[in-house]
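Chain V is fixed; fit chains Z and W onto it per the hints.
Line order of the protein sequences matches chains V, Z and W. Numbering of the first sequence is given in this note's numbering, commencing with residue 1 and proceeding in unit increments. Numbering of the second sequence is given in this note's numbering, commencing with residue 258 and proceeding in unit increments. Numbering of the third sequence is given in this note's numbering, commencing with residue 518 and proceeding in unit increments.
Simulated from the structure, these hints should not be mistaken for laboratory data. Each residue gets a CB set at the ideal place from its N, CA and C atoms; glycine is no exception. Do not take every clue at face value.
Said to hold, decoys possible - From the derived model, a few chain V residues whose C-beta atoms are all more than 12 Å from chain Z:
1) GLY52
2) ARG63
3) PRO104
4) ASP152
5) LYS167
6) LEU230
7) LEU234
Unchecked claim - DSS-like, lysine-lysine: derived pairs with alpha carbons at most 30 Å apart:
8) LYS664(W) / LYS425(Z)
9) LYS640(W) / LYS661(W)
10) LYS425(Z) / LYS640(W)
Claimed, not checked - DEER-style ranges, computed between Cβ atoms:
11) MET162(V) / ALA307(Z): 50 to 56 Å
12) VAL12(V) / ALA706(W): 54 to 60 Å
13) VAL332(Z) / GLY535(W): 53 to 59 Å
14) GLU779(W) / GLU500(Z): 57 to 63 Å
15) VAL49(V) / LEU281(Z): 48 to 54 Å
16) GLY788(W) / GLU500(Z): 50 to 56 Å
17) MET162(V) / ASP729(W): 46 to 52 Å
18) LEU16(V) / LEU325(Z): 29 to 35 Å
19) VAL12(V) / PRO592(W): 56 to 62 Å
20) TRP300(Z) / ARG87(V): 32 to 38 Å
21) SER119(V) / VAL332(Z): 41 to 47 Å
22) LEU16(V) / GLU500(Z): 36 to 42 Å
23) HIS151(V) / GLU500(Z): 28 to 34 Å
24) GLY379(Z) / SER594(W): 55 to 61 Å
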Amino acid sequence: MRADRINIPGIVTLLLVAAAWEASVRTGLVTFEYLPAPSAIAVAFAGIVRSGELLTNTAHTLRSVLIGWVLAGLIGGALGLIFGLSRFARRWFLASLEVLRPLPAIAFLPVALLLFSFSLTTELVVMIYASIWPMFINTMGGVSDVASRLHDVSLTLKLTRMQTLWKVLLPAAAPAIVVGARLCLGTTLVMAIIAEMIGNPHGLGYAVVSALMSIQPEQMFAYVLFIGVLAIALNYCLIVATRRLLPAYGREAANHV
Amino acid sequence: MFRRASFGLPPLRGLLPLLFLLVLWQAIDPKGSPYFPPPSAWWTGLAALARSGRLASALSATLTTFFLAIALACVIGGLAGLLIGRSRGARRALGPLLEFCRGLPPPVMVPVGVLLLGYVEGLKLVIVVLVAVWPILLNTASSTAALSDLLGEVSQTFRLGRFATLRKIVVPSAVPAFLVGVRGAVPLAIIITLLVEMLTSLPGIGSLIVISQRQFHSAEVYGLLVVVGLVGFVINGAFVMIEGMLLSRWPPRAGYVQGT
Amino acid sequence: MAGGMADKATQAEAAGGGNIYECDAISLELFPHGQRRLIIDQLSLDVRAGEFLTIVGSSGTGKSTLLRLLGGLMPASSGAIRFRGAAVTGAPSGVVVVFQDYSNALLQWRSVARNVALGIEGKLNRAEIDRRVRQSLQMVGLEKNAKDHPWQLSGGMQQRVQIARALALNPDVMLMDEPFGALDAMTKASLQDEVLQVHARTATSFVFITHDIEEAVYLGDRVVVLAGPPGRIHKIVEIALPRPRDQMRTRQSAEFLNYRAELHAAVLSAGGH
Numbered sequence: 001m002r003a004d005r006i007n008i009p010g011i012v013t014l015l016l017v018a019a020a021w022e023a024s025v026r027t028g029l030v031t032f033e034y035l036p037a038p039s040a041i042a043v044a045f046a047g048i049v050r051s052g053e054l055l056t057n058t059a060h061t062l063r064s065v066l067i068g069w070v071l072a073g074l075i076g077g078a079l080g081l082i083f084g085l086s087r088f089a090r091r092w093f094l095a096s097l098e099v100l101r102p103l104p105a106i107a108f109l110p111v112a113l114l115l116f117s118f119s120l121t122t123e124l125v126v127m128i129y130a131s132i133w134p135m136f137i138n139t140m141g142g143v144s145d146v147a148s149r150l151h152d153v154s155l156t157l158k159l160t161r162m163q164t165l166w167k168v169l170l171p172a173a174a175p176a177i178v179v180g181a182r183l184c185l186g187t188t189l190v191m192a193i194i195a196e197m198i199g200n201p202h203g204l205g206y207a208v209v210s211a212l213m214s215i216q217p218e219q220m221f222a223y224v225l226f227i228g229v230l231a232i233a234l235n236y237c238l239i240v241a242t243r244r245l246l247p248a249y250g251r252e253a254a255n256h257v
Numbered sequence: 258m259f260r261r262a263s264f265g266l267p268p269l270r271g272l273l274p275l276l277f278l279l280v281l282w283q284a285i286d287p288k289g290s291p292y293f294p295p296p297s298a299w300w301t302g303l304a305a306l307a308r309s310g311r312l313a314s315a316l317s318a319t320l321t322t323f324f325l326a327i328a329l330a331c332v333i334g335g336l337a338g339l340l341i342g343r344s345r346g347a348r349r350a351l352g353p354l355l356e357f358c359r360g361l362p363p364p365v366m367v368p369v370g371v372l373l374l375g376y377v378e379g380l381k382l383v384i385v386v387l388v389a390v391w392p393i394l395l396n397t398a399s400s401t402a403a404l405s406d407l408l409g410e411v412s413q414t415f416r417l418g419r420f421a422t423l424r425k426i427v428v429p430s431a432v433p434a435f436l437v438g439v440r441g442a443v444p445l446a447i448i449i450t451l452l453v454e455m456l457t458s459l460p461g462i463g464s465l466i467v468i469s470q471r472q473f474h475s476a477e478v479y480g481l482l483v484v485v486g487l488v489g490f491v492i493n494g495a496f497v498m499i500e501g502m503l504l505s506r507w508p509p510r511a512g513y514v515q516g517t
Numbered sequence: 518m519a520g521g522m523a524d525k526a527t528q529a530e531a532a533g534g535g536n537i538y539e540c541d542a543i544s545l546e547l548f549p550h551g552q553r554r555l556i557i558d559q560l561s562l563d564v565r566a567g568e569f570l571t572i573v574g575s576s577g578t579g580k581s582t583l584l585r586l587l588g589g590l591m592p593a594s595s596g597a598i599r600f601r602g603a604a605v606t607g608a609p610s611g612v613v614v615v616f617q618d619y620s621n622a623l624l625q626w627r628s629v630a631r632n633v634a635l636g637i638e639g640k641l642n643r644a645e646i647d648r649r650v651r652q653s654l655q656m657v658g659l660e661k662n663a664k665d666h667p668w669q670l671s672g673g674m675q676q677r678v679q680i681a682r683a684l685a686l687n688p689d690v691m692l693m694d695e696p697f698g699a700l701d702a703m704t705k706a707s708l709q710d711e712v713l714q715v716h717a718r719t720a721t722s723f724v725f726i727t728h729d730i731e732e733a734v735y736l737g738d739r740v741v742v743l744a745g746p747p748g749r750i751h752k753i754v755e756i757a758l759p760r761p762r763d764q765m766r767t768r769q770s771a772e773f774l775n776y777r778a779e780l781h782a783a784v785l786s787a788g789g790h
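The following block holds chain V by itself, in its conformation from the complex:
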């Protein structure tokens, strides 16, 4: 992802779009009643930074995302490992899971609301449920793929089961697991925001909806743009961390879309 040259056309386009946006709002060219100008958004952004509101909301969302990601990652990873290795598990349990998989997690929000009302628990439960899936599927795929291929290797080298697991299986399945972790992070963030919009009145998701309800377009857009940048930053951090921790896998693990 290193650019050989700075992407001048890209930067210019961004600036042109911002300028056109500003101009069209000021001159009334565009007839969206509530479209704020970039300058107004910038002012609002400064406002929520100064008031500490942005920090509080971001902290809440990030905390949820972190907890959710770690838990979903562990549960999904463990499940993926079990199902990847155990034909018994796949034969007797996988169909049940495959039937559940297409169920949009958002449909669980009302159920969670019934059980836990408007609370952090609601947010976490729905988030974790949704995020387990990408981690589970990718880990299972990666492990089962590797297990069949490297089975003969571990037999020849007379490795014990634990040795096989640590030295052969997990490292070989690492790229797939990393992909699962990235998707898991993305899903966690998305579900956190959805949950905050509907189920838990805290955090960035709630801030956006609340700005909508109180008709504060500048503030809403400020939050929206910030969320976009935050998502990109999180993903980028993960890519960098992957490159550091698993240098051997280089491009394959880090750059998979």
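Structure of chains Z and W alone, referenced to chain V:
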């Protein structure tokens, strides 16, 4: 990935745990508690909704939006993806914008859409299309961009000309990636459709669930959950089948662009 | 093989073997990352009508680039390339390139028959297209695979599909870029003989690039040894071995071994390995 038994499912006996769970639930709690009503109560609740016609109208509203949105997203995303993929200038200029849109969590678009468009007729459709178009566009564009120089030389040596090259080489080679993009857009479209309905109470399954939840009709909520699950399962299965048919001519595992 | 092929053979004889390609001091420079690299340096070469010309040289001598210049896939930076007396601007009609990477050069979503038809569809009527496809597939021995898809076939068969695709145009010249480099020895041998048969039956001119000196001697009427970078002609050897050539007898003959030694020495002195 695994031996597919029927309808793309792993061995069907794996359904037993789920069925067992449902039976157990039913057996433990025949009278029903407000929080964990047994499956029989779900059925009663759903039947009531069906009889009043609310279930059918909600289902039709949600499904109409979904299918229309996917169709539009395919057309727009496919065309735009091809155009952007073909033009290196467009890719560089639009790069940062596209990256931003790719990274932006889709639910955030819902309040934006509501704010800008207001509660107009096509609000739901516009928002879902806006969200679903990205995976299709981005995937198509990156596949088109990655079109090998070799195929370019092939079209040169056979003197194919611009339009023929587009029709015979560029478009067909982008089809697998396009379908992968659609596969990503389908669940996204379902989720966002439901989200819009939940947030705005526009007609649909989403608003129906929220209404039932607010009235503490938990049996209905669970029942509708099952409905949503079935709808999701059927749509997913249908898509896998269609994709399989369309891609039968391609080598296996086509459409996945390694690193971008 | 009725019709077009026989006419071409008599044409080539009547033309008395003039030059089908003339290259006068062609050079190619590229500018990767803003730096100037000279790929081919003032190279002059003629290709005689109907001959089988092979080109050898180690990596970096610009063999593939030369082929692409002949094929009109890229323009020379200076100098003139003439095909049948006319300057080459873009891919000349009557010239087809066969690439080394057969898997990516074929259209994986099209059947074998439709792949072979790629160069002629829209330019001929339906019946003629079908006839030529069938003929080309017969020439490479793949009539039974017309409905298969490339990815279902082995490497050697895919390369034959590419050759058939080129033959369907009844080309004057086939430019082949290390076409057998990725294949195993046995497949290679049988494909070499198939290409020689095509050459014998159709009087098409061949320009054939290879790493393999023995292949170059076995196939060629003349062998061009390139040196470089930048690419330039180091030596040209006329191969006076009798035709038709045979994998066993020809390759074991004394003359063959002499040519092989001569070319081996030439490649080494050109700075190669």
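For each hint, the structure was consulted:
| no. | hint | verdict |
| --- | --- | --- |
| 1 | GLY52 | holds, 22 Å |
| 2 | ARG63 | holds, 17 Å |
| 3 | PRO104 | violated, 5 Å |
| 4 | ASP152 | holds, 20 Å |
| 5 | LYS167 | holds, 25 Å |
| 6 | LEU230 | violated, 9 Å |
| 7 | LEU234 | violated, 9 Å |
| 8 | LYS664(W) / LYS425(Z) | holds, 18 Å |
| 9 | LYS640(W) / LYS661(W) | holds, 25 Å |
| 10 | LYS425(Z) / LYS640(W) | holds, 14 Å |
| 11 | MET162(V) / ALA307(Z): 50 to 56 Å | holds, 55 Å |
| 12 | VAL12(V) / ALA706(W): 54 to 60 Å | holds, 58 Å |
| 13 | VAL332(Z) / GLY535(W): 53 to 59 Å | holds, 55 Å |
| 14 | GLU779(W) / GLU500(Z): 57 to 63 Å | holds, 58 Å |
| 15 | VAL49(V) / LEU281(Z): 48 to 54 Å | holds, 52 Å |
| 16 | GLY788(W) / GLU500(Z): 50 to 56 Å | holds, 53 Å |
| 17 | MET162(V) / ASP729(W): 46 to 52 Å | holds, 50 Å |
| 18 | LEU16(V) / LEU325(Z): 29 to 35 Å | holds, 33 Å |
| 19 | VAL12(V) / PRO592(W): 56 to 62 Å | violated, 32 Å |
| 20 | TRP300(Z) / ARG87(V): 32 to 38 Å | holds, 35 Å |
| 21 | SER119(V) / VAL332(Z): 41 to 47 Å | holds, 42 Å |
| 22 | LEU16(V) / GLU500(Z): 36 to 42 Å | holds, 39 Å |
| 23 | HIS151(V) / GLU500(Z): 28 to 34 Å | holds, 31 Å |
| 24 | GLY379(Z) / SER594(W): 55 to 61 Å | holds, 57 Å |
The structure fails hints 3, 6, 7, 19 (numbered hints given earlier, in ascending order).
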